[in-house]
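Residue numbers (the numbering used here), protein chains in the order written: chain A, 7 to 144; chain B, 23 to 146.
Warning: the hint list may mix true and false statements.
As the list claims (entries may be wrong) - According to the in silico footprint, chain B covers these stretches of chain A (three or more CB under 8 Å from chain B):
hint, stretch
1, 27-35
2, 59-65
3, 74-83
4, 93-100
5, 119-125
6, 128-134
To be verified - Examples of chain B residues toward chain A, derived with CB under 7 Å:
hint, residue
7, Val53
8, Gly72
9, Leu92
10, Leu140
What the hints assert, rightly or not - Here are the simulated distance ranges between beta carbons:
hint, chain 1, residue 1, chain 2, residue 2, range
11, B, Met23, A, Asn116, 22 to 30 Å
12, B, Glu25, A, Gly64, 24 to 32 Å
13, B, Val65, A, Phe61, 31 to 39 Å
14, A, Met62, B, Leu129, 42 to 50 Å
15, A, Phe54, B, Ile78, 20 to 28 Å
Derived from the structure by calculation, the hints contain no laboratory data.
The C-beta atom is built at its ideal place from N, Cα and C for all residues, glycine as well.
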Amino acid sequence: MKDSPGLHLKTYTLLLFIAFFAPLGNVLLSKGMRGIGSAQDWAPQGLFHILMRIFMSGYIWLGIACLLAFFVAYMLVLTWADYSYVQPASAFSYAVVAVLGLFLLGERVNLLRWSGIVVICFGVFIVGHTHPRTTEKR
Amino acid sequence: MLEIVFLTLIVAAGTGGELCVSHAMKAVGEVHDFRPAALARFVWSAARVGWMWIGIGMMTVAFFSLLAMLSMENVSFVVPVTALSYAAGAIGAALFLREKISKQRWLGVLVVCLGVTLVWLSRR
Chain A
7 MKDSPGLHLK TYTLLLFIAF FAPLGNVLLS KGMRGIGSAQ DWAPQGLFHI LMRIFMSGYI
67 WLGIACLLAF FVAYMLVLTW ADYSYVQPAS AFSYAVVAVL GLFLLGERVN LLRWSGIVVI
127 CFGVFIVGHT HPRTTEKR
Chain B
23 MLEIVFLTLI VAAGTGGELC VSHAMKAVGE VHDFRPAALA RFVWSAARVG WMWIGIGMMT
83 VAFFSLLAML SMENVSFVVP VTALSYAAGA IGAALFLREK ISKQRWLGVL VVCLGVTLVW
143 LSRR
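Can you make the complete structure from the sequences, with help from the hints?
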């Protein structure tokens with residue numbers, strides 16, 4: 007199987023892009039949802055009220071913009087790389103989300119959770135050392 | 023109980039959707055030109071593949087489930103736990119996309135799942 011020029015470089019670049027924008031989007035969504043509060047009432051009127059508040063939140067829209075940027079990068083990398091490579095390799099975002107949660111939302115991240123995140127990053131490192139593409143190029 | 027339902031939807035619909043999108047992207051073909059006009063053409067080509075829309079539909083279900091979970095739990099807990107989809111993703115990629123998953127890649131996926139378990143335990 008012949009690699010296209012710069013396969014690894016463009017794969018790593020887009021994976022970094024994914025690892026940054028996906029957690030940033032999630033943190034912004036979380037910040038937006040915190041302002042709205044927990045969904046207590048599951049009746050249609052209550053749900054409609056919550057949906058309206060979601061669509062009027064600036065943080066939600068910023069979060070959606072970040073997730074759209076992430077999704078285009080994700081689509082691009084999947085045109086050449088395996089899904090089973092991209093999916094675990096993009097798990098580096100879990101370290102980014104913990105740092106963002108800590109500094110932007112003031113969430114407490116305990117030692118066990120940090121340990122889990124370190125293990126996830128190690129798993130990503132192992133997957134990152136496999137070849138990005140195992141199927142034939144179309 | 024509601025949290026378990028949302029978590030299941032995030033993992034099953036999210037992974038299924040991503041597998042469909044991956045299938046659609048392989049049909050579009052490798053992108054070499056990253057200029058804005060070329061990227062716009064790429065997005066247009068992707069939008070014309072049926073699998074893309076099935077994938078987006080499933081990922082939308084997962085997205086709203088994620089929003090519901092985020093209103094109940096901390097983001098540093100919710101997002102890592104959804105990484106359970108890595109095991110489902112690897113199995114799906116082997117069966118549905120015919121990817122050859124080496125022992126090293128399986129090991130990496132298992133290590134990621136172990137990390138997820140630690141994150142889950144950190145909740146208690």
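Against the structure, the hints come out as follows:
no.	hint	verdict
1	27-35	holds (count 4)
2	59-65	violated (count 1)
3	74-83	holds (count 4)
4	93-100	holds (count 5)
5	119-125	holds (count 6)
6	128-134	holds (count 7)
7	Val53	holds, 5 Å
8	Gly72	violated, 15 Å
9	Leu92	holds, 5 Å
10	Leu140	holds, 3 Å
11	B:Met23 with A:Asn116: 22 to 30 Å	holds, 25 Å
12	B:Glu25 with A:Gly64: 24 to 32 Å	holds, 27 Å
13	B:Val65 with A:Phe61: 31 to 39 Å	violated, 24 Å
14	A:Met62 with B:Leu129: 42 to 50 Å	holds, 46 Å
15	A:Phe54 with B:Ile78: 20 to 28 Å	holds, 24 Å
In the structure shown, a violation is registered for the earlier hints numbered 2, 8 and 13, in ascending order.
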